[in-house]
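Visitor: Take a look at the letters that make up each chain.
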Amino acid sequence: MSTPEPAPTQSYEQAREELADVVRKLEGGGLTLEESLALWERGEELAGVCQHWLDEARERLQQAAPAEER
Amino acid sequence: MTAPSSPDQPWPVRTVARKVADWIGRLGEVWVEGQVAQLSRRGSATVFLTLRDTAADLSVPVTCPRDVADRPGAALTEGARVLVRARPDYYVARGSFSLRATEIRAVGLGELLARIERIRTLLAAEGLFDAHRKRPLPFAPAVVGLVTGKGSAAERDVLVTARRRWPAVRFAVRHCVVQGPSAAEEVVEALQRLDRDPEVEVIVLARGGGSVEDLLPFSDEGLVRAVAACRTPVVTGVGHETDTTLVDHAADVRAATPTDAAHRVVPEIGEQRRLVDGLRARARALVTARVEQQERWLESVRSRPSLAEPERLLAGRGEEVAALRTRATRTLTHRVDLAVRDLEHARARVAALSPQATLDRGYALVQTADGALVRAPDEVADGQSLLVRVAGGRIPVRVDRQDGQP
Numbered sequence: 001m002s003t004p005e006p007a008p009t010q011s012y013e014q015a016r017e018e019l020a021d022v023v024r025k026l027e028g029g030g031l032t033l034e035e036s037l038a039l040w041e042r043g044e045e046l047a048g049v050c051q052h053w054l055d056e057a058r059e060r061l062q063q064a065a066p067a068e069e070r
Numbered sequence: 001m002t003a004p005s006s007p008d009q010p011w012p013v014r015t016v017a018r019k020v021a022d023w024i025g026r027l028g029e030v031w032v033e034g035q036v037a038q039l040s041r042r043g044s045a046t047v048f049l050t051l052r053d054t055a056a057d058l059s060v061p062v063t064c065p066r067d068v069a070d071r072p073g074a075a076l077t078e079g080a081r082v083l084v085r086a087r088p089d090y091y092v093a094r095g096s097f098s099l100r101a102t103e104i105r106a107v108g109l110g111e112l113l114a115r116i117e118r119i120r121t122l123l124a125a126e127g128l129f130d131a132h133r134k135r136p137l138p139f140a141p142a143v144v145g146l147v148t149g150k151g152s153a154a155e156r157d158v159l160v161t162a163r164r165r166w167p168a169v170r171f172a173v174r175h176c177v178v179q180g181p182s183a184a185e186e187v188v189e190a191l192q193r194l195d196r197d198p199e200v201e202v203i204v205l206a207r208g209g210g211s212v213e214d215l216l217p218f219s220d221e222g223l224v225r226a227v228a229a230c231r232t233p234v235v236t237g238v239g240h241e242t243d244t245t246l247v248d249h250a251a252d253v254r255a256a257t258p259t260d261a262a263h264r265v266v267p268e269i270g271e272q273r274r275l276v277d278g279l280r281a282r283a284r285a286l287v288t289a290r291v292e293q294q295e296r297w298l299e300s301v302r303s304r305p306s307l308a309e310p311e312r313l314l315a316g317r318g319e320e321v322a323a324l325r326t327r328a329t330r331t332l333t334h335r336v337d338l339a340v341r342d343l344e345h346a347r348a349r350v351a352a353l354s355p356q357a358t359l360d361r362g363y364a365l366v367q368t369a370d371g372a373l374v375r376a377p378d379e380v381a382d383g384q385s386l387l388v389r390v391a392g393g394r395i396p397v398r399v400d401r402q403d404g405q406p
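Protein sequences appear in the order of chains D and B.
Final position of the first sequence in this note's numbering is 70; the numbers increase by one with none missing.
Final position of the second sequence in this note's numbering is 406; the numbers increase by one with none missing.
Think of the hints as simulated: they come from the structure by calculation, not from any bench.
Careful, some of the hints might be misleading.
Said to hold, decoys possible - Using 20 Å as the maximum straight-line C-alpha spacing, the simulated EDC-like pairs for lysine to aspartate or glutamate come out as follows: (1) D/Lys25 <-> B/Glu309; (2) D/Lys25 <-> B/Asp260; (3) B/Lys134 <-> B/Asp260.
Make a model of the complete structure from these sequences and hints.
Guide: Put into structure tokens, the structure is as follows:
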């Protein structure tokens, strides 16, 4: 499971919404093996996207830090 | 305090003089009205006169410095009625008492004040002093216009104070006379020049303290109208806190003193910086908090079993498969056993039905070409080919009746 290197197309909120949905489905059960595997993979990918946006936010905050803080 | 005096312990004259001086000094500054008498300007630096009570037959000697006496508003002439601001003074050397005057106003002054009042009511009626005309001052003007006396204390106060507060401020200064008959027009002219200058964002009228006459030009109708007509906001810092001149009413902002005017026109840089830094820090904290909150959320989602331990998904399935597998194998082997048993039965039955055993005992079978069994001689014809099957195999034969029997 590799997080997509180029900037993800999804916005943070979209990814977060879908991830929450994936988890709900996985926990809901009643899925075929194939479906749960596919869903799990999707979940990992979405988590990667969220992580990407949050890391970027951190980065931008750091860059914009006032001079004396850096 | 010195010990009380007594015949055997008398006070020297100097002590008595000093005590008298103290007592007299307690009176403090007073405004007194009276009539000038025995005015003598002989002395170079000091003028002596006697102030007679307007009603009672009483008088008191008055001394005052020459410039106080010469001031136009004083109109100090024999018999003139005057208002004197003075302090009691006891000249210890000669033990003489007098009032030392710091300001003398001709009672005629009343008319001056009355005139100013008339102008005020006139202009007020025209709405020149209305609140809604007052314009807000620019927050941090780049260029401040200043109308003031050349090299005056007022000028220094405004420039020094403003620059300390907001070093970036620039001044466009117009010097002019700030006292006497020509003052009003000069101030108007300077004011209008600065008003026309687009760069000037606010104009300060600054003048130090002075008597009513000194400040008279700043209640001149022409000047007050000019101030009201200014497009650029005007701040007046004229006289002491207590003095009010008509320009103060017309100005957009009335400052108590020139220094106060400087406080009004430019913000204090340190204060502004602190304000900005404070806001910046708060914004940063808010965003950081938001990011942290989202990170915590992501962490919680990722630690949910369904994501964190995918193998759990498979684990359950694994057992299921294994269970199914064993059941499958069990049913399969069972079936195979049955099949084997059936086969054996079948074989046994075939074996039982099959002629082989009989053949083995030496019997033989005769079949026609079409496989039918021959049970009687008359079923075959001479020369017919037949098949004889014995235990070991088959023998093809042909019928050859020797004696022609059917």
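Visitor: Verify the proposed pairing of B/Lys134 with B/Asp260, using a straight-line Cα cut of 20 Å.
Guide: This hinted pair holds, its Cα atoms lying about 18 Å apart.
Visitor: Is it true that the CA of D/Lys25 sits at most 20 Å from the CA of B/Asp260?
Guide: Not OK: D/Lys25 and B/Asp260 at ~71 Å, beyond 20 Å, violated.
Visitor: Next pair to validate is D/Lys25 with B/Glu309; report whether the Cα-Cα distance is within 20 Å.
Guide: holds, 15 Å
Of the hints listed earlier, the one the structure fails to meet is number 2.
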